[in-house]
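Colleague: What follows is each chain in one-letter form.
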Amino acid sequence: MRIVTFEIVLLNTLSMAKAKGAIVVDVERCKGCEVCIVNCPTDVLAMAEEVNGKGYHYAYMINPEECTGCANCAVVCPDGVITVYRIKKN
Amino acid sequence: MEIKDIEPKEMEPKEMELNEIIRPENLVYKRTPLMTDATLSYCPGCGHGTIHRLIMEVVEEMGIQEETIGIAPVGCSVLAYDFMDVDCSQAAHGRAPALATGIKRLWPDKFVFTYQGDGDLAAIGTGETIHACNRGENITIFFVNNGIYGMTGGQMAPTTLEGMKSSTTPYGRNIQAMGPPYKITEMVAQLAGTYYVTRQAVHKPGPVRKAKKAIRKALEVQKEKKGLSFIEFVSNCNSGWKMTPNDSNIWMEEHMFPFYPLGDIKVDGELVQA
Amino acid sequence: MKELALMKGNEAIAEAAIRAGVDGYFGYPITPQSEVMEYLTLQKPEERTGMVVLQAESEVASINMLYGAAGTGKKVMTSSSSPGISLMQEGISYIAGAELPCLIVNVVRGGPGLGTIQPSQADYFQSTKGGGHGDYHLIVLAPASVQEMADFVDLAFELAFKYRNPALILSDGLIGQMMEKVELPPQKPRVTEFDQSWVITGKKGRERNIITSLNLDPDKQYEHNLKLKAKYDSMSQDVMFEKIDCDDAEFLLVAYGSSARICQKVVEMARDRGKKVGLLRPQTLFPFPTEEIARMARKVKGMMAVELSSGQMVEDVKLAVNGKVPVHHYGMVGGKIHSPDDVLKAMEEKYMGGY
Numbered sequence: 029m030r031i032v033t034f035e036i037v038l039l040n041t042l043s044m045a046k047a048k049g050a051i052v053v054d055v056e057r058c059k060g061c062e063v064c065i066v067n068c069p070t071d072v073l074a075m076a077e078e079v080n081g082k083g084y085h086y087a088y089m090i091n092p093e094e095c096t097g098c099a100n101c102a103v104v105c106p107d108g109v110i111t112v113y114r115i116k117k118n
Numbered sequence: 538m539e540i541k542d543i544e545p546k547e548m549e550p551k552e553m554e555l556n557e558i559i560r561p562e563n564l565v566y567k568r569t570p571l572m573t574d575a576t577l578s579y580c581p582g583c584g585h586g587t588i589h590r591l592i593m594e595v596v597e598e599m600g601i602q603e604e605t606i607g608i609a610p611v612g613c614s615v616l617a618y619d620f621m622d623v624d625c626s627q628a629a630h631g632r633a634p635a636l637a638t639g640i641k642r643l644w645p646d647k648f649v650f651t652y653q654g655d656g657d658l659a660a661i662g663t664g665e666t667i668h669a670c671n672r673g674e675n676i677t678i679f680f681v682n683n684g685i686y687g688m689t690g691g692q693m694a695p696t697t698l699e700g701m702k703s704s705t706t707p708y709g710r711n712i713q714a715m716g717p718p719y720k721i722t723e724m725v726a727q728l729a730g731t732y733y734v735t736r737q738a739v740h741k742p743g744p745v746r747k748a749k750k751a752i753r754k755a756l757e758v759q760k761e762k763k764g765l766s767f768i769e770f771v772s773n774c775n776s777g778w779k780m781t782p783n784d785s786n787i788w789m790e791e792h793m794f795p796f797y798p799l800g801d802i803k804v805d806g807e808l809v810q811a
Numbered sequence: 009m010k011e012l013a014l015m016k017g018n019e020a021i022a023e024a025a026i027r028a029g030v031d032g033y034f035g036y037p038i039t040p041q042s043e044v045m046e047y048l049t050l051q052k053p054e055e056r057t058g059m060v061v062l063q064a065e066s067e068v069a070s071i072n073m074l075y076g077a078a079g080t081g082k083k084v085m086t087s088s089s090s091p092g093i094s095l096m097q098e099g100i101s102y103i104a105g106a107e108l109p110c111l112i113v114n115v116v117r118g119g120p121g122l123g124t125i126q127p128s129q130a131d132y133f134q135s136t137k138g139g140g141h142g143d144y145h146l147i148v149l150a151p152a153s154v155q156e157m158a159d160f161v162d163l164a165f166e167l168a169f170k171y172r173n174p175a176l177i178l179s180d181g182l183i184g185q186m187m188e189k190v191e192l193p194p195q196k197p198r199v200t201e202f203d204q205s206w207v208i209t210g211k212k213g214r215e216r217n218i219i220t221s222l223n224l225d226p227d228k229q230y231e232h233n234l235k236l237k238a239k240y241d242s243m244s245q246d247v248m249f250e251k252i253d254c255d256d257a258e259f260l261l262v263a264y265g266s267s268a269r270i271c272q273k274v275v276e277m278a279r280d281r282g283k284k285v286g287l288l289r290p291q292t293l294f295p296f297p298t299e300e301i302a303r304m305a306r307k308v309k310g311m312m313a314v315e316l317s318s319g320q321m322v323e324d325v326k327l328a329v330n331g332k333v334p335v336h337h338y339g340m341v342g343g344k345i346h347s348p349d350d351v352l353k354a355m356e357e358k359y360m361g362g363y
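Residue numbers (the working numbering), protein chains in the order written: chain A, 29 to 118; chain B, 538 to 811; chain C, 9 to 363.
These are calculated hints, taken from the structure and not from any lab test.
Be careful, since some hints might not be right.
As the list claims (entries may be wrong) - Each computed DMTMM-like pair below joins lysine to aspartate or glutamate, with the alpha-carbon atoms no more than 25 Å apart:
id	chain 1	residue 1	chain 2	residue 2
1	C	Lys-211	B	Glu-757
2	C	Lys-137	C	Asp-246
3	C	Lys-212	B	Asp-574
What the hints assert, rightly or not - Across the chosen pairs, the derived CB separations fall in these ranges:
id	chain 1	residue 1	chain 2	residue 2	range
4	B	Ser-704	C	Lys-332	53 to 61 Å
5	C	Asp-143	B	Glu-699	37 to 45 Å
6	B	Pro-570	C	Met-9	56 to 64 Å
7	C	Glu-191	B	Glu-723	52 to 60 Å
8	B	Leu-808	A	Asp-54	39 to 47 Å
9	B	Lys-763	C	Met-248	45 to 53 Å
10	C	Thr-200	B	Glu-699	52 to 60 Å
11	C	Lys-228	B	Gly-743	38 to 46 Å
12	C	Lys-228	B	Glu-597	23 to 31 Å
13	B	Pro-570	A	Lys-82	17 to 25 Å
14	B	Glu-723	C	Asp-225	34 to 42 Å
Please read these numbers as outputs of a predicted model, since none were measured by experiment.
From the three backbone atoms N, C-alpha and C, an ideal C-beta is built for every residue, glycine too.
Given only the sequences and the hints, what does the whole structure look like? Please build it.
Modeller: What follows is the structure in structure tokens.
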């Protein structure tokens, strides 16, 4: 099924089974701004206790099973450090 | 952003191994290669990074990287050309619209944009801004308004709100002494030369997606040679405002948006009726 | 077949610009040079060669339009007079720092401040010693006739592109307004190839180019400044000057532009009275004919710098002479023009007794 907006994607995934998604954070580029955390609709993200080479705490998936691959985190990330994946069935 | 086919999962969701999800064929979103590998010099949480990325995404999607020329301002984004993989020129403070005019008049088929902050565009550059807009130069102006002078250490800007503290208004902006903030975006919308004028934000996913559409629309206006397209991005400056990034976005919603409301101000050459 | 015309200096600049294949002119009106843009717009150069002529909202806007367009490798120019040139100094510094070619024409008027509209040569310091901030130099050409106003436009662009540096034609209100016969240069085609190693025309088949004068890393700025200095030093190979009656001269007048025209008469009059006077007329003020003046200092008994200012070029003459012989000064100020009699009298006063 072809979806045209991500708002609809979210509705569809909620009404049906969850799509499975995952993100990869470029840890060394993350500046720990936490904007991704508050914009994740399913509370997947948190700040790591560790710091990266620059001394920033970085974002990571604390609840990876809740990730729907909606990419909200990635689109608000000012440094573009998040890459998003989602399982697709053909 | 790419549109992907999605099939609902038939069975109960179960824990999947991350490495089953994180595969090239499952890629949904990554930073556009038109952003260079250089680490952004902006503060954590600053909207500049997001705005740069959206512009580059649109340039990539329109396939115009080889025809695009950007003009960087003086301000926090003085090094914008280190991050965007298109031909760029540095401009003196406020002068970017004049540079863009010189370039576009001689290369009318190139895509020329300026990228400017509030001091650059609305203080020292007011003359160049107004006249480029009035002449209707076929360029695109990206105006990042965070109500403060970030790079030089947080001084008052022409768009600083009444009562807002800054390093030169430590007791809050005093209207009697300094005048009120002014909305240059609404002003330029009054000029016949502007074709598309809009105000956007990039602090949440919904506004980000709208902002990207606006950028696309602006560059299409330039492609169709309809006139000047002008996008103001109301953005945060958590460093200058002395807040955390998330707090600054909340503060921005509560204080900046009422004075600088988001939305289209002029479309297809006509002012949008409220 | 020569193409001759009777034109004002300002008009000659404009006509020569079209014929030199200039791509764009961005300017603002100011007396005594507004005829440059008026002539250009009247000629409809967009029909003759496709040249763009745009009246900007200020001199600040003009110079920055030049800065933008120059970064794409196009031949662009502006013209103004003293107060307008002051407004352009920021942009000129940026253009010099970014190493871009372009032409600025200054038709000098009396100053400082709003001053007067009559001619002056009091922008010599502004033109040759900076004007804008930072360690840079402009290539400065000083025409003394309407013919040179025409010839120096193409020459200025040749030099500007050779060195990737802004060039300035330092004229004055007298030459700008006077009418003389001029042989017009032939029409050059507009350039179609641009040096992809530095122009910003869109990154096609190459890495992106960045036009900037910003170097936050002091090591990089240091290297850049050394490179610029070496460039300015190398410009001495393109020095130009004219010598009149210098072979047996015992006393040398040094003057440029309209002052030199007056001094030509002074030399004639002095020679009629049996005085062996010569004139050295710099045609480039940067590079300054330092070597030639130093050489002449070994031959003459004294020099006098004659200029329409209270003493600017005289300093460069003194530097070149380096104390070998006395260097005097005759300066007319206020927008007034000295007469040959005035200069002759001053010269003779300096040389009573010993000369």
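Colleague: Is Lys-212(C) close enough to Asp-574(B), meaning Cα to Cα at most 25 Å?
Modeller: holds (20 Å)
Colleague: How does the Cβ-Cβ distance of Asp-143(C) and Glu-699(B) compare with 37 to 45 Å: does it lie in that range?
Modeller: Between Asp-143(C) and Glu-699(B), where Cβ atoms are some 44 Å apart, the hint holds.
Colleague: Using the C-beta atoms of Lys-763(B) and Met-248(C), is the stated range 45 to 53 Å upheld?
Modeller: holds (49 Å)
Colleague: Check the following: the C-beta atoms of Glu-723(B) and Asp-225(C) are separated by a distance inside 34 to 42 Å.
Modeller: Since Glu-723(B) and Asp-225(C) have Cβ atoms about 41 Å apart, the given range 34 to 42 Å holds.
Colleague: Holds or violated: Lys-211(C) with Glu-757(B), Cα cutoff 25 Å?
Modeller: holds (20 Å)
Colleague: For Lys-137(C) and Asp-246(C), compute the direct alpha-carbon distance and say whether it is at most 25 Å.
Modeller: Roughly 18 Å separates the two Cα atoms, so the pair holds.
Colleague: Could you see if the CB distance from Thr-200(C) to Glu-699(B) stays within 52 to 60 Å?
Modeller: Given about 55 Å between the Cβ atoms, the range holds.
Colleague: Between Ser-704(B) and Lys-332(C), does the C-beta distance stay in 53 to 61 Å?
Modeller: At roughly 57 Å between Cβ atoms, Lys-332(C) and Ser-704(B) fall inside 53 to 61 Å, so the hint holds.
Colleague: Honestly, do Pro-570(B) and Met-9(C) meet the 56 to 64 Å range at C-beta?
Modeller: holds (58 Å)
Colleague: Taking the beta carbons of Leu-808(B) and Asp-54(A), is their distance inside 39 to 47 Å?
Modeller: Since the Cβ atoms of Leu-808(B) and Asp-54(A) sit about 43 Å apart, the hinted range of 39 to 47 Å holds.
Colleague: Does the hinted range 52 to 60 Å hold for Glu-191(C) and Glu-723(B) at CB?
Modeller: holds (56 Å)
Colleague: For Lys-228(C) and Gly-743(B), compare the CB-CB distance with the range 38 to 46 Å and indicate the outcome.
Modeller: holds (42 Å)
Every hint, counting from the list given before, is met by this structure.
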